[in-house]
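**Q** Turn these sequences into a full structure, and let the hints guide you.
Protein chains: 2
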Amino acid sequence: MQHTDTIIKNGYIVTINPEMDIIENGALAIDNGKILAIGTTEEIEKNYSSNKVIDASTKIVMPGFINGHTHIAMTYLRGYADDLLLHSWLQDYIWPAEARFVKAKFVYDASYHACAELIKNGITMINDMYFYSKETARAATKAGMRAILGEGILDFPMAFHKTPESMINYAIEGHEEFKDNELIDFAITPHSIYTCSKKILITAAEKARAYNMLIHTHLSETKKEVDDCLEQHGVRPVQYLDSIGFLGKDVSLAHGVWIDNDEQKLLAEKGVGVNICTECNLKLSSGFAPIKGYKENGVIISLATDGVASNNNLSILDEMDMTSKVHKAINNDPTFLNAEEVVRMVTIDAAKIFNKEDKIGSLEVGKKADIILLERNKLENMPMYNVYSHLVYTMHSESVQDVIINGKVLMQDRKLVEIDEDELFDKARFYQKELQEAKSD
Amino acid sequence: MQHTDTIIKNGYIVTINPEMDIIENGALAIDNGKILAIGTTEEIEKNYSSNKVIDASTKIVMPGFINGHTHIAMTYLRGYADDLLLHSWLQDYIWPAEARFVKAKFVYDASYHACAELIKNGITMINDMYFYSKETARAATKAGMRAILGEGILDFPMAFHKTPESMINYAIEGHEEFKDNELIDFAITPHSIYTCSKKILITAAEKARAYNMLIHTHLSETKKEVDDCLEQHGVRPVQYLDSIGFLGKDVSLAHGVWIDNDEQKLLAEKGVGVNICTECNLKLSSGFAPIKGYKENGVIISLATDGVASNNNLSILDEMDMTSKVHKAINNDPTFLNAEEVVRMVTIDAAKIFNKEDKIGSLEVGKKADIILLERNKLENMPMYNVYSHLVYTMHSESVQDVIINGKVLMQDRKLVEIDEDELFDKARFYQKELQEAKSD
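Protein sequences, first through last, are from chains A and B.
When we follow this note's numbering, the leftmost residue of the first sequence carries the number 1, and every step to the right adds one.
When we follow this note's numbering, the leftmost residue of the second sequence carries the number 1, and every step to the right adds one.
Please note that the accuracy of each hint is not assured.
[As the list claims (entries may be wrong)] Partial pick of chain A residues on the chain B-facing surface, computed with a CB cut under 7 Å:
(1) 282
(2) 396
(3) 426
(4) 428
[Unchecked claim] Here are the simulated DSS-like pairs of lysine-lysine, each with C-alpha atoms no more than 27 Å apart in a straight line:
(5) B:292 <-> B:224
(6) A:439 <-> A:427
(7) B:427 <-> B:134
(8) B:46 <-> B:34
(9) B:199 <-> B:249
(10) B:378 <-> A:427
(11) B:105 <-> A:223
(12) A:378 <-> B:103
(13) B:199 <-> A:378
(14) A:292 <-> B:224
(15) B:408 <-> A:224
(16) A:378 <-> B:105
(17) A:142 <-> A:408
(18) A:439 <-> B:378
(19) B:134 <-> B:179
(20) B:207 <-> B:134
(21) B:224 <-> A:378
(22) A:378 <-> B:179
(23) B:179 <-> A:415
(24) A:415 <-> A:52
(25) B:179 <-> B:249
(26) A:378 <-> A:359
(27) A:265 <-> A:249
(28) A:408 <-> A:134
(29) A:105 <-> B:378
(30) B:378 <-> A:103
(31) B:46 <-> A:142
(32) B:105 <-> A:292
(33) B:292 <-> B:223
(34) A:270 <-> A:199
(35) A:249 <-> A:408
(36) B:415 <-> B:142
(37) A:103 <-> A:142
(38) B:249 <-> A:378
(39) A:356 <-> A:292
(40) A:378 <-> B:408
These are computed hints drawn from the structure, not numbers from a lab.
We put the beta carbon where it would ideally sit given N, CA and C, even for glycine.
**A** Quick look at the structure:
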């Protein structure tokens, strides 16, 4: 009998392993942040003991959701301005507010609030891009959130960084500083092809590869971006990035709304994954990502909320629901994007996009213990004939009861274990007042 | 000082009155099921007292949501079959299950479960169509839910009714039987133009008008329905219904996906409202309702979940979010369907569709006390700059804390006051087992 840190027993385990095994009355033994064993409750109880046993009798046990593109430090700008044209939203509201308020402390506080909110949404890893990203790293570490973090690289001076090289160096510093932190990776994240020169895009990719860091950028969010690229470079965005040696298995894209068939083939060939932000793209009328083409061409795709200034929450379950329904309709095929596929997108497929499929994205022996438990005993979750259908079409984040990241229990029975929500409310009210006053200036 | 049944005080009151007034630190006095007074907390406390005072300090207080088209007795078929073509979904799964299981007790039990679920979603009135609708009336009465109920009229024999006339008479009986029930109205509800003959549609409308009952039917859900109507009657569905004298201010439609500009004008002229079921229409690939045209032509529109067999939950907040985002995208205009409009759609506009705008749909003196309280102190609801934006783009039903229908408190701090959820879970498990076994037969 081996003693372990934690045992979860009696659960309805949705493994997302290659066979998509479901274990009824299943159990997991967790030790040292990893999954040590998985099987029926009987099997696990025979071989493992623990002082911390979680009874999952009425619960679904599955890998945590991965949110493939966020700007979590924008929490305090949630709902700051809505129902506007993109340029007015950015130029009249978001950018002025950011220029005035975004400082290290703002980023730390907003990121910490967002981490608490992410946990309540069952999200166990994010891929984030913003400014002062080392502050976000500190907040994520404190909250226990797994995160890939990038410092947005722009080819013009900002309050915090005078040059794009300084932005790249900041991320490399973060990479060095957080090297031994099991939760945090730093990535190199040029903001976009329209805010970065060719030279900086090339430098960014070279530096990332020199330090073995992931690369992430916004691409082809709007039609205008593609038209401008064609005018300026004579080729479409994916071809442009390919021509400068930017693309590779270490690259992932956000949005990818306006990507044509040839570009999709190129992404598949280069192993570049796309994080689709359905709700944000709809709300800002950017368009519908070509999910059918991505699937046909073998591009790995996942889902993401983007920042709450444009969505306006961090629920991946919402993205799953909306993406599946909307893409059935635009493809005129109710069998398109079935529920099981959508659940894979936000777990194992997302893990593949970030080259982390050996560590996260499924419940398998040796993987990190990033696990969520969802309650079946709720009016809206009953009856349940197919767990994937429920996850995509029925459930809300309210069903997420327990969240474990890297083996640590962060939420139990919907209560955050270490984070004081009242403190976060006070902080949010403080920033709301400041931002509200600025708006009426 | 006048004594009243209930006082709600210190709330952020979203009235949805014609001026769309918001009362910060507002209060309401409720007596005999109605709103007796509304104003600031100071004003109300000066003039009214009560033994039951609800403190809404951290809450939004607003009229309950209206769900304009449901089949609540289908609860136990939630997620029974998904990701299928419409005809296979109906013919291979839903109809056989209904033929075998739908009996009076099934309808009562499923409806009672659904009423509990509706309350948890902040819904204070539904417009429902199904079979054994008097059982649904009894379940809604027991739960305290306001409901307009119709017996689906089909022009072929069913287990329960051998003729469509019997279906019409059943609804008229319900109308008589529940005449003094403040919560329940019966309506006459021909299922559709493709399941009812011209003769039965005419009889249905005549009978409804003789008894002063509302009329509701599915219309133009799919393109095929329109094509078939053109072939059979030589005109489109709205023109067809108009030609037989069916349309009027007492009629409301469900779906209305394939309605052209001329039909929209005709609906506006006749005062016929449309309850749009966005999620269901997307999930079954039926199409995108012409919301822009409806608005331009002055057709009153509202939102509805349809049944949970095709959606798969009863959240109106989800419908609001998805409708607004999807229609911004298909109209290529992020300013389209702003948040305030969407909130009106599911409150006062829905009330107008059912000719109940003098009774419900807003918080005004003399109206029924159908009121919901939503929690502001939640991570995902902070900060809040615009309450409408939060309702449409941010909030989930988890934020609904308290629900009052006809002056009676049905949910307090997210706990149902009189309904035992554990009993409902047991029942749901029982039916799930039966239905599951039937599926594998």
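**Q** Each of the hints needs a verdict: does it hold here or not?
**A** Hint-by-hint comparison with the structure:
1. Look at residue 282 of chain A: its Cβ gets to within about 4 Å of chain B, closer than 7 Å, so that hint holds up.
2. Hint status for residue 396 of chain A relative to chain B: holds, with the closest Cβ pair at about 5 Å, below 7 Å.
3. The restraint placing residue 426 of chain A at the interface with chain B is violated, with a minimum CB-CB distance near 10 Å, outside the 7 Å limit.
4. Annotation: interface hint on residue 428 of chain A holds; nearest CB of chain B at approximately 4 Å, less than 7 Å.
5. Annotation: proposed proximity of residue 292 of chain B to residue 224 of chain B holds, straight-line Cα distance about 22 Å (limit 27 Å).
6. As the CA atoms of residue 439 of chain A and residue 427 of chain A are separated by approximately 18 Å, the hinted pair is consistent with the 27 Å bound.
7. Simply put, residue 427 of chain B and residue 134 of chain B have alpha-carbon atoms about 20 Å apart, close enough for the 27 Å limit, and the pair holds.
8. This hinted pair checks out: residue 46 of chain B and residue 34 of chain B have alpha carbons roughly 19 Å apart, not beyond 27 Å.
9. Distance restraint check for residue 199 of chain B and residue 249 of chain B: the Cα-Cα separation of roughly 21 Å lies within the 27 Å cut-off, and the hinted pair is therefore satisfied.
10. Restraint check: the Cα-Cα separation between residue 378 of chain B and residue 427 of chain A comes to about 13 Å, which is no more than 27 Å; the hinted pair holds.
11. With a C-alpha separation of about 55 Å, the suggested pairing of residue 105 of chain B with residue 223 of chain A is violated against the 27 Å cut-off.
12. With a CA separation close to 24 Å, the supplied pair residue 378 of chain A and residue 103 of chain B stays within the 27 Å bound.
13. As the CA atoms of residue 199 of chain B and residue 378 of chain A are separated by approximately 45 Å, the hinted pair breaks the 27 Å bound.
14. The suggested pairing of residue 292 of chain A with residue 224 of chain B holds, with an alpha-carbon distance near 24 Å, which does not exceed 27 Å.
15. Taken as a hint, the residue 408 of chain B and residue 224 of chain A pair is broken in the structure, with Cα atoms around 54 Å apart against an allowance of 27 Å.
16. Under the criterion of a C-alpha separation no larger than 27 Å, the hint pairing residue 378 of chain A with residue 105 of chain B is consistent with the structure, at around 22 Å.
17. At most 27 Å may separate the alpha-carbon atoms for a hinted pair to count; residue 142 of chain A and residue 408 of chain A meet this at roughly 12 Å.
18. With a C-alpha separation of about 23 Å, the suggested pairing of residue 439 of chain A with residue 378 of chain B holds against the 27 Å cut-off.
19. A distance of roughly 12 Å separates the Cα atoms of residue 134 of chain B and residue 179 of chain B; the hinted pair therefore holds under the 27 Å criterion.
20. With a C-alpha separation of about 18 Å, the suggested pair residue 207 of chain B and residue 134 of chain B falls inside the 27 Å cut-off, and the hint holds.
21. Between the alpha carbons of residue 224 of chain B and residue 378 of chain A the distance comes to roughly 37 Å, so the proposed pair goes past 27 Å and is violated.
22. Restraint check for residue 378 of chain A and residue 179 of chain B: not satisfied, since their Cα atoms lie roughly 34 Å apart, outside the 27 Å limit.
23. At roughly 47 Å between alpha-carbon atoms, residue 179 of chain B and residue 415 of chain A are farther apart than 27 Å, so this suggested pair is violated.
24. Simply put, residue 415 of chain A and residue 52 of chain A have alpha-carbon atoms about 17 Å apart, close enough for the 27 Å limit, and the pair holds.
25. Using a Cα cut-off of 27 Å, the hinted pair residue 179 of chain B and residue 249 of chain B holds, with the two alpha carbons roughly 21 Å apart.
26. With a CA separation close to 32 Å, the supplied pair residue 378 of chain A and residue 359 of chain A exceeds the 27 Å bound.
27. Note on residue 265 of chain A and residue 249 of chain A: the hinted pairing holds, with a Cα-Cα distance of about 14 Å set against a maximum of 27 Å.
28. Taking the CA atoms of residue 408 of chain A and residue 134 of chain A, the gap is about 22 Å. The hint holds against a cut of 27 Å.
29. This hinted pair checks out: residue 105 of chain A and residue 378 of chain B have alpha carbons roughly 22 Å apart, not beyond 27 Å.
30. Using a Cα cut-off of 27 Å, the hinted pair residue 378 of chain B and residue 103 of chain A holds, with the two alpha carbons roughly 24 Å apart.
31. For the suggested pair residue 46 of chain B and residue 142 of chain A, the alpha carbons sit about 49 Å apart, so the restraint of at most 27 Å is broken.
32. Restraint check for residue 105 of chain B and residue 292 of chain A: not satisfied, since their Cα atoms lie roughly 44 Å apart, outside the 27 Å limit.
33. Taking the CA atoms of residue 292 of chain B and residue 223 of chain B, the gap is near 18 Å; set against the 27 Å cutoff, the hint holds.
34. Pair hint residue 270 of chain A plus residue 199 of chain A holds up; C-alpha atoms about 21 Å apart against a cutoff of 27 Å.
35. Between the alpha carbons of residue 249 of chain A and residue 408 of chain A the distance comes to roughly 30 Å, so the proposed pair goes past 27 Å and is violated.
36. Between residue 415 of chain B and residue 142 of chain B, the direct Cα distance comes to roughly 17 Å. Compliance with the 27 Å bound is thereby established for this hinted pair.
37. Taking the CA atoms of residue 103 of chain A and residue 142 of chain A, the gap is about 19 Å. The hint holds against a cut of 27 Å.
38. In summary, the hint linking residue 249 of chain B to residue 378 of chain A is not supported, as the alpha carbons are separated by about 39 Å, beyond the 27 Å threshold.
39. Between residue 356 of chain A and residue 292 of chain A the CA atoms are separated by roughly 25 Å; this keeps the pair inside 27 Å, and the hint holds.
40. Restraint check for residue 378 of chain A and residue 408 of chain B: the C-alpha separation of about 23 Å stays at or below 27 Å, so the hint holds.
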